[in-house]
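Peer 1: The task is simple: from the sequences and hints, build the whole structure.
Chain by chain, the residues run as shown.
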Amino acid sequence: MATSLPPVAIPGQRLGSVASYAAGPGTHVQQSNIYASIAGPVIVDPAQPKTQTKSTLRVSRMVPGVNQAGAAPSTSSAPAPKSKPRYNTLPAVDSIVLARVTRVQKRQAAVSILVVLDEASAANPDPSKAASDNDNVASILTSAANPENHSNTDELRFQALIRKEDVRAVEKDRVVMDEMFRVGDIVRGSVISLGDQSFYYLTTARNDLGVVMARSDAGNMMFPISWKEMRDPVTGAGEQRKVARPF
Amino acid sequence: MMADRRRVNGPSGGTRPAVFASLAESGTGVSERAQRQRQPSELRKIFLKTGLIPTASGSSYLEFEPSASLAAARINPKSLIPPSSALKLACTVHGPKPLPRSAAFSPNLVLTTHVKYAPFAARKRRGHIRDASERDLGVHLETALRGAIIAERWPKSGLDITITILEAEDDRWWADAPDSHDASWGMMNVLAGCITAASAAIADAHIDCLDLVAGGVAALVSDEEKQSSAAPKLMLDADPAEHRSIVSACVVAYMPARDEITELWLKGDSSKASLENGDKRSVHEALLDGAVDAARGAHTVLAEAVRESLLKTVG
Amino acid sequence: MATPAANAAPSVSPSLSLPPSQFARLQPHAYLLAHLSPPPASNQPSIRANGRAPSQFRVTSANAGSLTHTNGSAVVRIGDTTAVCGVRAEILHTDDIASWSVSSSSTSNSNKRRRLGEKTTDEDEGQDENEEDRAHIEDLNLLVPNLSLSTGCAPGFTPGAPPSALAQSLSHQILSLLHSTRLIRADDLRIWYQPPNLGSEALERHNESQQMEIDAGQGSEESDPQEIKAFWVLYIDVMIISLAGNPFDAAWAAVLAALRDTKLPKAWWDIDNETIICSDDISEASRLSLRGLPVASSFCVFEADAAAGWRAVVIPDVNDQKAQNQRKKGPQQKWILADPDGYEEGLSQERATLVVDKAKNGKNVILKMEKHGGWSVDTEDLRQLVEISGQRWDEMKRILDQC
Numbered sequence: 001m002a003t004s005l006p007p008v009a010i011p012g013q014r015l016g017s018v019a020s021y022a023a024g025p026g027t028h029v030q031q032s033n034i035y036a037s038i039a040g041p042v043i044v045d046p047a048q049p050k051t052q053t054k055s056t057l058r059v060s061r062m063v064p065g066v067n068q069a070g071a072a073p074s075t076s077s078a079p080a081p082k083s084k085p086r087y088n089t090l091p092a093v094d095s096i097v098l099a100r101v102t103r104v105q106k107r108q109a110a111v112s113i114l115v116v117l118d119e120a121s122a123a124n125p126d127p128s129k130a131a132s133d134n135d136n137v138a139s140i141l142t143s144a145a146n147p148e149n150h151s152n153t154d155e156l157r158f159q160a161l162i163r164k165e166d167v168r169a170v171e172k173d174r175v176v177m178d179e180m181f182r183v184g185d186i187v188r189g190s191v192i193s194l195g196d197q198s199f200y201y202l203t204t205a206r207n208d209l210g211v212v213m214a215r216s217d218a219g220n221m222m223f224p225i226s227w228k229e230m231r232d233p234v235t236g237a238g239e240q241r242k243v244a245r246p247f
Numbered sequence: 001m002m003a004d005r006r007r008v009n010g011p012s013g014g015t016r017p018a019v020f021a022s023l024a025e026s027g028t029g030v031s032e033r034a035q036r037q038r039q040p041s042e043l044r045k046i047f048l049k050t051g052l053i054p055t056a057s058g059s060s061y062l063e064f065e066p067s068a069s070l071a072a073a074r075i076n077p078k079s080l081i082p083p084s085s086a087l088k089l090a091c092t093v094h095g096p097k098p099l100p101r102s103a104a105f106s107p108n109l110v111l112t113t114h115v116k117y118a119p120f121a122a123r124k125r126r127g128h129i130r131d132a133s134e135r136d137l138g139v140h141l142e143t144a145l146r147g148a149i150i151a152e153r154w155p156k157s158g159l160d161i162t163i164t165i166l167e168a169e170d171d172r173w174w175a176d177a178p179d180s181h182d183a184s185w186g187m188m189n190v191l192a193g194c195i196t197a198a199s200a201a202i203a204d205a206h207i208d209c210l211d212l213v214a215g216g217v218a219a220l221v222s223d224e225e226k227q228s229s230a231a232p233k234l235m236l237d238a239d240p241a242e243h244r245s246i247v248s249a250c251v252v253a254y255m256p257a258r259d260e261i262t263e264l265w266l267k268g269d270s271s272k273a274s275l276e277n278g279d280k281r282s283v284h285e286a287l288l289d290g291a292v293d294a295a296r297g298a299h300t301v302l303a304e305a306v307r308e309s310l311l312k313t314v315g
Numbered sequence: 001m002a003t004p005a006a007n008a009a010p011s012v013s014p015s016l017s018l019p020p021s022q023f024a025r026l027q028p029h030a031y032l033l034a035h036l037s038p039p040p041a042s043n044q045p046s047i048r049a050n051g052r053a054p055s056q057f058r059v060t061s062a063n064a065g066s067l068t069h070t071n072g073s074a075v076v077r078i079g080d081t082t083a084v085c086g087v088r089a090e091i092l093h094t095d096d097i098a099s100w101s102v103s104s105s106s107t108s109n110s111n112k113r114r115r116l117g118e119k120t121t122d123e124d125e126g127q128d129e130n131e132e133d134r135a136h137i138e139d140l141n142l143l144v145p146n147l148s149l150s151t152g153c154a155p156g157f158t159p160g161a162p163p164s165a166l167a168q169s170l171s172h173q174i175l176s177l178l179h180s181t182r183l184i185r186a187d188d189l190r191i192w193y194q195p196p197n198l199g200s201e202a203l204e205r206h207n208e209s210q211q212m213e214i215d216a217g218q219g220s221e222e223s224d225p226q227e228i229k230a231f232w233v234l235y236i237d238v239m240i241i242s243l244a245g246n247p248f249d250a251a252w253a254a255v256l257a258a259l260r261d262t263k264l265p266k267a268w269w270d271i272d273n274e275t276i277i278c279s280d281d282i283s284e285a286s287r288l289s290l291r292g293l294p295v296a297s298s299f300c301v302f303e304a305d306a307a308a309g310w311r312a313v314v315i316p317d318v319n320d321q322k323a324q325n326q327r328k329k330g331p332q333q334k335w336i337l338a339d340p341d342g343y344e345e346g347l348s349q350e351r352a353t354l355v356v357d358k359a360k361n362g363k364n365v366i367l368k369m370e371k372h373g374g375w376s377v378d379t380e381d382l383r384q385l386v387e388i389s390g391q392r393w394d395e396m397k398r399i400l401d402q403c
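For the record, the sequence lines run as chains A, B and C. According to UniProt numbering, the first sequence is numbered sequentially starting from 1. According to UniProt numbering, the second sequence is numbered sequentially starting from 1. According to UniProt numbering, the third sequence is numbered sequentially starting from 1.
Treat the hints with care, as some may be off.
Dumping the calculated DSS-like pairs for lysine-lysine here, alpha-carbon to alpha-carbon at most 25 Å [to be verified]:
1) C/LYS397 with C/LYS263
2) B/LYS78 with B/LYS124
3) C/LYS358 with C/LYS334
4) C/LYS397 with C/LYS368
5) C/LYS334 with C/LYS371
6) B/LYS45 with B/LYS233
7) B/LYS124 with C/LYS263
8) A/LYS54 with A/LYS106
9) C/LYS368 with C/LYS358
10) C/LYS371 with B/LYS78
11) C/LYS266 with B/LYS124
12) B/LYS78 with C/LYS263
No lab work stands behind these hints, which were simulated from the structure alone.
Peer 2: Here's what the structure looks like:
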């Protein structure tokens with residue numbers, strides 16, 4: 001059954017039999033056959049010798065090499081790749097996300113998810129390899145802000161909570177939320193559960209998680225000086241945060 | 001009626017559409033109903049392109065080929081009254097996005113469909129507020145798509161599908177008076193177009209689907225002056241402006257890979273009609289088979305459009 | 001310096017260990033600023049994040065007359081923003097106008113002016129005609145523009161919801177511009193009736209009511225005055241199909257192109273049926289004779305301020321450069337960006353819209369200048385904007401003439 005696979009597939013296209021392959025993301029099984037459920041390149045992941053016996057067939061959401069546009073604006077041919085595919089990435093358990101803090105309360109902080117880093121880019125920080133929607137500058141430029149919904153863009157973003165006990169791994173009982181996050185901070189977090197109808201739950205209890213960007217009281221961008229402090233380069237004042245370890 | 005203060009309103013006394021002399025006193029100008037130039041099973045060409053609206057997660061634009069008479073009228077315009085019209089619509093998909101705060105937890109993708117005619121889309125000026133027929137179209141479209149989308153892959157999120165109809169299909173030839181079993185036949189063609197276009201836009205948004213679902217229409221038409229004398233004929237993708245009377249029509253949303261119908265809408269009275277040439281099928285069966293054939297035709301175009309935009313991005 | 005990205009020199013978008021795309025989303029202001037003011041050492045030109053020069057408009061195209069059920073229609077694309085406009089003409093009988101009296105329509109003066117109006121050009125039109133145009137078009141609401149954003153054109157506009165604040169404001173901007181530019185002549189919208197001389201012609205009027213109308217124009221002025229029996233009302237509907245910034249320029253261009261495409265049927269008062277009858281003959285229909293070609297150009301102002309502190313962190317040597325610059329002329333603090341896209345609109349408060357036409361001698365005629373949201377644009381800037389808008393006019397004229 002393992003005859004030639006098509007290089008690309010469209011939804012509803014038959015790819016192979018479940019006798020030869022395991023069905024991966026972007027496919028579904030119908031009457032012992034694997035069908036594509038999205039349009040994209042067909043990829044075969046070789047079987048892992050210990051755990052699997054069959055290769056996995058998947059249809060990729062990613063398209064190679066669309067993300068570079070805009071990275072180098074000097075090449076003003078930038079608007080060349082016009083109709084840009086924008087691929088959807090939903091937050092899932094273990095997804096790494098970047099989120100903006102919208103509210104800080106005694107027991108939790110509410111954040112609005114700006115970017116879901118997909119596994120490929122999370123595992124491999126080399127930006128040139130990541131090619132999801134979220135790494136596609138052109139799509140961000142076109143999809144961004146419309147004048148009207150400045151106030152309610154948060155309604156279009158997935159909301160999440162960082163509970164007090166999920167802020168850090170040590171000294172959990174001494175966490176004071178105000179000293180961890182401020183409204184407006186950009187936080188790198190990991191999804192621990194899909195939560196209830198309105199909120200995902202995030203954790204920052206890892207060295208590489210926490211605040212990645214923050215402005216001081218004076219409004220200047222701060223730089224991290226330790227795992228729990230950032231400093232305003234202009235005023236020299238330090239502020240407390242749960243700081244993510246810079247790469 | 002209260003004036004809507006959020007819109008620019010016309011004269012408070014209302015206005016009337018133009019009345020043409022050739023309609024009032026017959027005999028002048030072009031008053032021949034156009035004849036169908038296609039074979040009974042021949043479909044109009046469909047123009048379909050995805051990804052034209054970059055602010056959306058997915059989008060498509062669809063156009064039906066103008067009928068022979070409309071094409072002729074475009075090239076050599078004589079009358080201000082168009083002989084027929086051909087569907088033009090734009091579809092966008094937004095999402096998956098968070099459900100509204102008030103919504104209950106949903107383990108699946110929640111689909112919202114919305115169909116709206118532009119005020120200038122049809123022979124009669126349309127209102128700005130969605131009317132019953134537009135709501136109807138939305139419901140039928142949602143059913144058609146819900147059967148094709150793998151909703152459990154997108155928990156607690158919503159998908160908005162919006163269709164703007166820039167040019168609709170006529171319900172009948174302009175000079176024909178509505179007859180006893182008249183219905184908004186043009187709507188059937190509009191729905192078929194909506195299904196095909198929405199399916200393309202969903203594929204463009206990379207939402208998981210069982211198959212590309214395509215819309216198709218078949219109709220039972222009677223072109224004879226006397227209704228009872230001859231058996232009505234089965235026509236695929238009928239343009240209502242080209243027929244004296246439509247007895248019954250059927251739209252399906254169809255997935256060829258699984259041979260499944262996700263939506264079926266049959267209108268008109270076909271109980272008394274019988275098919276010609278000793279066709280043994282019941283009228284319903286014939287209509288259904290015809291609509292599925294039409295949908296297969298549309299699916300070819302749909303698959304081509306999706307593949308084309310995919311190849312463009314993959315390079 | 002503990003900042004990990006301090007070595008971002010060659011990259012235009014230095015980042016805190018973030019790829020440019022995430023940077024664009026997380027710190028949009030800094031991202032755009034980094035493009036507009038590259039480090040002097042890099043020798044890179046100041047360019048917008050979308051690759052355009054500050055005064056550069058997006059690629060624009062227009063296409064008219066493709067919608068079957070309209071009197072005139074057009075599709076205009078400016079970059080990724082798309083507007084579709086359809087014009088539908090309907091008839092307003094003077095009988096249906098509550099405030100209408102016969103005296104207001106049947107002065108022989110208006111008859112005279114009407115005939116003059118056919119020949120006159122913009123320059124020598126009398127104040128009277130202006131006033132009468134205004135009275136009829138504005139007071140009777142003969143122009144009805146409405147713009148819709150509930151088309152799925154961008155996330156955040158709920159389809160089916162009543163017009164958003166932005167949609168309402170755009171509709172009213174179009175209406176007021178239609179009025180203030182006097183683009184449409186009231187005379188094109190009037191449907192006249194010449195009462196026959198009682199007696200001799202009474203027998204013929206049956207068949208010749210059409211003829212009568214034509215005769216009326218040339219008929220002797222001393223005879224019975226003409227009477228306005230009805231007006232054409234133009235429903236001008238704009239659907240924004242795709243919104244990626246600067247909806248007004250696209251919407252207005254679509255309105256303009258659709259009006260240039262609009263044909264009104266020949267119409268006359270049918271005395272037997274007491275109604276207006278039209279001819280569907282296309283050779284008898286007439287186009288609108290529009291006054292001029294007003295072209296809209298919109299701008300937004302991007303200010304460096306909000307990210308001043310950020311630059312110091314990420315590009316440590318900028319302080320030295322800045323000090324040198326300041327001694328010379330000071331760093332650029334604001335950029336006026338033509339035809340902003342959605343990303344840029346989200347990052348600026350101050351907006352300006354200019355509407356210009358060109359006189360026969362090629363001089364710019366400013367028909368409207370609107371500026372709000374700030375005060376950083378000074379007179380010198382405005383002069384420059386007029387210049388840019390004039391160039392845009394040439395481009396738009398070429399595009400509209402071809403469509």
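Peer 1: If a hint holds in the structure, say so; if it does not, say that too.
Peer 2: Quick rundown of the hints versus the structure:
Restraint check for C/LYS397 and C/LYS263: the C-alpha separation of about 20 Å stays at or below 25 Å, so the hint holds. Distance check on the hinted pair: B/LYS78 and B/LYS124 sit about 21 Å apart at the alpha-carbon level, within 25 Å; holds. Distance restraint check for C/LYS358 and C/LYS334: the Cα-Cα separation of roughly 29 Å exceeds the 25 Å cut-off, and the hinted pair is therefore not satisfied. Note on C/LYS397 and C/LYS368: the hinted pairing holds, with a Cα-Cα distance of about 18 Å set against a maximum of 25 Å.
As the CA atoms of C/LYS334 and C/LYS371 are separated by approximately 16 Å, the hinted pair is consistent with the 25 Å bound. For the proposed pair B/LYS45 and B/LYS233, the alpha carbon gap of about 21 Å is at most 25 Å, so the pair holds. Among the hinted pairs, B/LYS124 with C/LYS263 is consistent with the structure: their alpha-carbon atoms are about 18 Å apart, no more than 25 Å. Proposed proximity of A/LYS54 and A/LYS106 is contradicted: the alpha carbons are some 50 Å apart, above 25 Å.
Distance restraint check for C/LYS368 and C/LYS358: the Cα-Cα separation of roughly 13 Å lies within the 25 Å cut-off, and the hinted pair is therefore satisfied. At roughly 47 Å between alpha-carbon atoms, C/LYS371 and B/LYS78 are farther apart than 25 Å, so this suggested pair is violated. Taken as a hint, the C/LYS266 and B/LYS124 pair is honoured in the structure, with Cα atoms around 20 Å apart against an allowance of 25 Å. Restraint check for B/LYS78 and C/LYS263: satisfied, since their Cα atoms lie roughly 13 Å apart, inside the 25 Å limit.
The structure does not agree with the numbered hints 3, 8, 10 stated previously, though it agrees with the rest.
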